[in-house]
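Chains as they are written, first to last, in the working numbering: chain A, 446 to 823; chain B, 446 to 823.
Check before you lean on any hint, since a few could be wrong.
Stated by the list, open to error - Derived Cβ-Cβ restraints for the label pairs, each shown as a range:
hint, chain 1, residue 1, chain 2, residue 2, range
1, B, 508, A, 806, 52 to 62 Å
2, A, 538, B, 584, 37 to 47 Å
3, A, 805, B, 580, 38 to 48 Å
4, B, 741, A, 539, 15 to 25 Å
5, B, 810, A, 710, 41 to 51 Å
6, A, 770, B, 619, 46 to 56 Å
7, B, 580, A, 555, 38 to 48 Å
8, B, 578, A, 713, 25 to 35 Å
9, B, 741, A, 456, 41 to 51 Å
10, A, 552, B, 823, 45 to 55 Å
11, A, 677, B, 731, 23 to 33 Å
12, B, 507, A, 670, 44 to 54 Å
13, B, 627, A, 582, 50 to 60 Å
14, B, 810, A, 779, 22 to 32 Å
It is worth saying that the hints were derived from the structure and are not from the lab.
For every residue, glycine included, the Cβ atom is placed at its ideal position computed from N, Cα and C.
Each chain, letter by letter, is given below.
Number of protein chains: 2
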Amino acid sequence: MQRGFSDLEFANRVKLAQILMEKNDIGALLLTTEPDVRYFTGFLTQFWQSPTRPWFLVIPVSGKPIAVIPSIGQALMNATWIDDVRTWSSPDMFDDGIGLLIDTLLEVVSNGKVAVPDGAETHIRMPYSDVQRLSNSVLISSDMGIMRELRMVKSDIEINKIRYACQIASDAFGAVKGFAKVGMTQSEINRQFQSTCLNSGADSVPYVAMGLGACGYFDVISPATDIRAQTGDILMLDTGLMWDGYFCDFDRNFALGNPDPRAASAHACLIDATAAGLEAAVVGATAADIFHAMAKITGSGKAMEAGRFGHGLGTQLTEWPSFIADDHTELLEGMVLTLEPSIETINGRILVHEENIVIRKGSAEKLSDFATEMEIIR
Amino acid sequence: MQRGFSDLEFANRVKLAQILMEKNDIGALLLTTEPDVRYFTGFLTQFWQSPTRPWFLVIPVSGKPIAVIPSIGQALMNATWIDDVRTWSSPDMFDDGIGLLIDTLLEVVSNGKVAVPDGAETHIRMPYSDVQRLSNSVLISSDMGIMRELRMVKSDIEINKIRYACQIASDAFGAVKGFAKVGMTQSEINRQFQSTCLNSGADSVPYVAMGLGACGYFDVISPATDIRAQTGDILMLDTGLMWDGYFCDFDRNFALGNPDPRAASAHACLIDATAAGLEAAVVGATAADIFHAMAKITGSGKAMEAGRFGHGLGTQLTEWPSFIADDHTELLEGMVLTLEPSIETINGRILVHEENIVIRKGSAEKLSDFATEMEIIR
Numbered sequence: 446m447q448r449g450f451s452d453l454e455f456a457n458r459v460k461l462a463q464i465l466m467e468k469n470d471i472g473a474l475l476l477t478t479e480p481d482v483r484y485f486t487g488f489l490t491q492f493w494q495s496p497t498r499p500w501f502l503v504i505p506v507s508g509k510p511i512a513v514i515p516s517i518g519q520a521l522m523n524a525t526w527i528d529d530v531r532t533w534s535s536p537d538m539f540d541d542g543i544g545l546l547i548d549t550l551l552e553v554v555s556n557g558k559v560a561v562p563d564g565a566e567t568h569i570r571m572p573y574s575d576v577q578r579l580s581n582s583v584l585i586s587s588d589m590g591i592m593r594e595l596r597m598v599k600s601d602i603e604i605n606k607i608r609y610a611c612q613i614a615s616d617a618f619g620a621v622k623g624f625a626k627v628g629m630t631q632s633e634i635n636r637q638f639q640s641t642c643l644n645s646g647a648d649s650v651p652y653v654a655m656g657l658g659a660c661g662y663f664d665v666i667s668p669a670t671d672i673r674a675q676t677g678d679i680l681m682l683d684t685g686l687m688w689d690g691y692f693c694d695f696d697r698n699f700a701l702g703n704p705d706p707r708a709a710s711a712h713a714c715l716i717d718a719t720a721a722g723l724e725a726a727v728v729g730a731t732a733a734d735i736f737h738a739m740a741k742i743t744g745s746g747k748a749m750e751a752g753r754f755g756h757g758l759g760t761q762l763t764e765w766p767s768f769i770a771d772d773h774t775e776l777l778e779g780m781v782l783t784l785e786p787s788i789e790t791i792n793g794r795i796l797v798h799e800e801n802i803v804i805r806k807g808s809a810e811k812l813s814d815f816a817t818e819m820e821i822i823r
Numbered sequence: 446m447q448r449g450f451s452d453l454e455f456a457n458r459v460k461l462a463q464i465l466m467e468k469n470d471i472g473a474l475l476l477t478t479e480p481d482v483r484y485f486t487g488f489l490t491q492f493w494q495s496p497t498r499p500w501f502l503v504i505p506v507s508g509k510p511i512a513v514i515p516s517i518g519q520a521l522m523n524a525t526w527i528d529d530v531r532t533w534s535s536p537d538m539f540d541d542g543i544g545l546l547i548d549t550l551l552e553v554v555s556n557g558k559v560a561v562p563d564g565a566e567t568h569i570r571m572p573y574s575d576v577q578r579l580s581n582s583v584l585i586s587s588d589m590g591i592m593r594e595l596r597m598v599k600s601d602i603e604i605n606k607i608r609y610a611c612q613i614a615s616d617a618f619g620a621v622k623g624f625a626k627v628g629m630t631q632s633e634i635n636r637q638f639q640s641t642c643l644n645s646g647a648d649s650v651p652y653v654a655m656g657l658g659a660c661g662y663f664d665v666i667s668p669a670t671d672i673r674a675q676t677g678d679i680l681m682l683d684t685g686l687m688w689d690g691y692f693c694d695f696d697r698n699f700a701l702g703n704p705d706p707r708a709a710s711a712h713a714c715l716i717d718a719t720a721a722g723l724e725a726a727v728v729g730a731t732a733a734d735i736f737h738a739m740a741k742i743t744g745s746g747k748a749m750e751a752g753r754f755g756h757g758l759g760t761q762l763t764e765w766p767s768f769i770a771d772d773h774t775e776l777l778e779g780m781v782l783t784l785e786p787s788i789e790t791i792n793g794r795i796l797v798h799e800e801n802i803v804i805r806k807g808s809a810e811k812l813s814d815f816a817t818e819m820e821i822i823r
């Protein structure tokens, strides 16, 4: 698998953005978060872990993007297809890039309208006092969902990267049977699983959630604890590992010894629900349709605390849309999605199952190796 | 090492915040980011990787914090010391928690003043359209640096966790000599290093930066590539691994075969600069003093593209303050810091060296095993 993208792919992304910007009377798009900046530049670094420095990308309604970034990023940004890289020495106690950003925006916007992503799942990654200073200099408006619309549909190269990440995770899940044992702590299993993901080819493992317990677990977001696995437990591992900046996001449930029949039947129900979701995932269906196809099989009671039955996937662990009754986003060819039904077993305990797919003409393509049953570790 | 904190530690943090809030006439603090929410609750999860859902914590000027969070987090938040956990089913297409948040704020603030962290290194993690809706209902003001002031000084328990993370990284760096070889790609070395961190006890490895090249590298934020290590290269590995929610952040440079004399002398200079930084790191000195102590030895030319010679460290890879000439933050007992001088070798190539310390009465305590020379891998 080759890393990166051609300059042409980035140029096409910009062109599509600019068509939508023109239609919405937007003079410039201002982007401040890792996935948005990377989408148009290919600027890939884990350095966003550091909250110290703001990073800005300006997409004018015509012409190439302009990067307004701390000088620590200059060498890496210069290695991308971006020509216009404006830097300042950050951190700066008095003006951490906001002056340079405002100058740049005033240079490129004639109508003074600068759009930012402002809908669900977004935020502006800069200090609020700087947002206020910015809004005194330019007219901040909504991007009208342009970034969501663009990022939601993946190119073939993007899909290849996600498929590759999924294959790495499928391999890693396949190895769990070989090391996970009754008596190990959650954190021992977690560490071993992350190592296995890396050995299978992951660049990094930003996300592992675990569940452990007889007949299920109480949530799917808890970190590993030092509690030991017991015979009869269900062990759930959910991974968002990355390859070349793209995530997979799916899980597996393992039974440590024979599972409680209620857990086994709940899991079988989730497999059926996932299959129903897959079948419903065709061009022109809506996110809500996929939700209903799965909910028809699982019901949508207590387990709906998770809030949804799946979501988009790509440069972030979760992306638009959401499989809920109210999301009427139409499915388009090239959308990468997770099918993630959940179900209550007993007393508030749940099981969650998750697979990854991409919408194609005709049937959706499976990106993860769909599980057919719960594996039993003896 | 024991995970977590006592309820008393959280209660003390809240009490200190409330004293500062009262002094600044703040009715409630509104927190929206992972480290700030965790600081007062202990709510620890990698689920913040998902941008979908906003999470809110309200600290009233008296009484316990109130969590306003998606129902998917209820089980985990209920396991903390927080009593008042208000949830909604997220994602919600029409009101993703903002209504519940406003109701909660209006209930607890009598003066209508809600403070948010708004200075350097902060952002408000919610959609901008929701920030605007919020600011139509309450008076948003600055937290006057309260969160920075509180988080900058660590308790003994926090320091123990960071020291433990540092020891894990020291062990992992010690093992690099055993596996890194000429001919391996950067990404092979990177993956093996991450595995080694996990095997040494890390919970996760959110950050690894690499440098590779004869006589140094061009930056310290680039991801691993598929370029192969050659004889004569300097290999730099910089890790932010985590244990129980706390980071270490330091690096090591390795020479693959005998290093170029210019690289060797540059590295020796960095070791000296780090020692000078350590000596200057006493209670009452300022961040600028530490910067000048190191810059006196390295100079502050090209390598200053990194922007600073070290920073705070804790629940985030980098925290306040910064070792720059303009940062006059006074060093207090319990501050955990990195000493991170950089220096140009040739033609824009640099070397960076980094160690972790904690400010104590008298001399600072080393948290990482300070390197004394560049290790040579033959």
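Consistency of the hints with the structure:
1. B/508 / A/806: 52 to 62 Å: holds, 58 Å
2. A/538 / B/584: 37 to 47 Å: At roughly 27 Å between Cβ atoms, residue 584 of chain B and residue 538 of chain A fall outside 37 to 47 Å, so the hint is violated.
3. A/805 / B/580: 38 to 48 Å: holds, 44 Å
4. B/741 / A/539: 15 to 25 Å: This hint holds: roughly 24 Å between Cβ atoms.
5. B/810 / A/710: 41 to 51 Å: violated, 56 Å
6. A/770 / B/619: 46 to 56 Å: Roughly 54 Å apart at Cβ, these two residues keep to the hinted range, so it holds.
7. B/580 / A/555: 38 to 48 Å: Violated: the Cβ-Cβ distance is about 29 Å, outside 38 to 48 Å.
8. B/578 / A/713: 25 to 35 Å: violated, 44 Å
9. B/741 / A/456: 41 to 51 Å: Check passed, 47 Å falls within 41 to 51 Å.
10. A/552 / B/823: 45 to 55 Å: Holds - the Cβ-Cβ distance for residue 552 of chain A and residue 823 of chain B, about 54 Å, lies within 45 to 55 Å.
11. A/677 / B/731: 23 to 33 Å: Given about 59 Å between the Cβ atoms, the range is violated.
12. B/507 / A/670: 44 to 54 Å: violated, 33 Å
13. B/627 / A/582: 50 to 60 Å: holds, 53 Å
14. B/810 / A/779: 22 to 32 Å: violated, 54 Å
Hint compliance for this structure: hints 2, 5, 7, 8, 11, 12, 14 are broken, all remaining hints hold.
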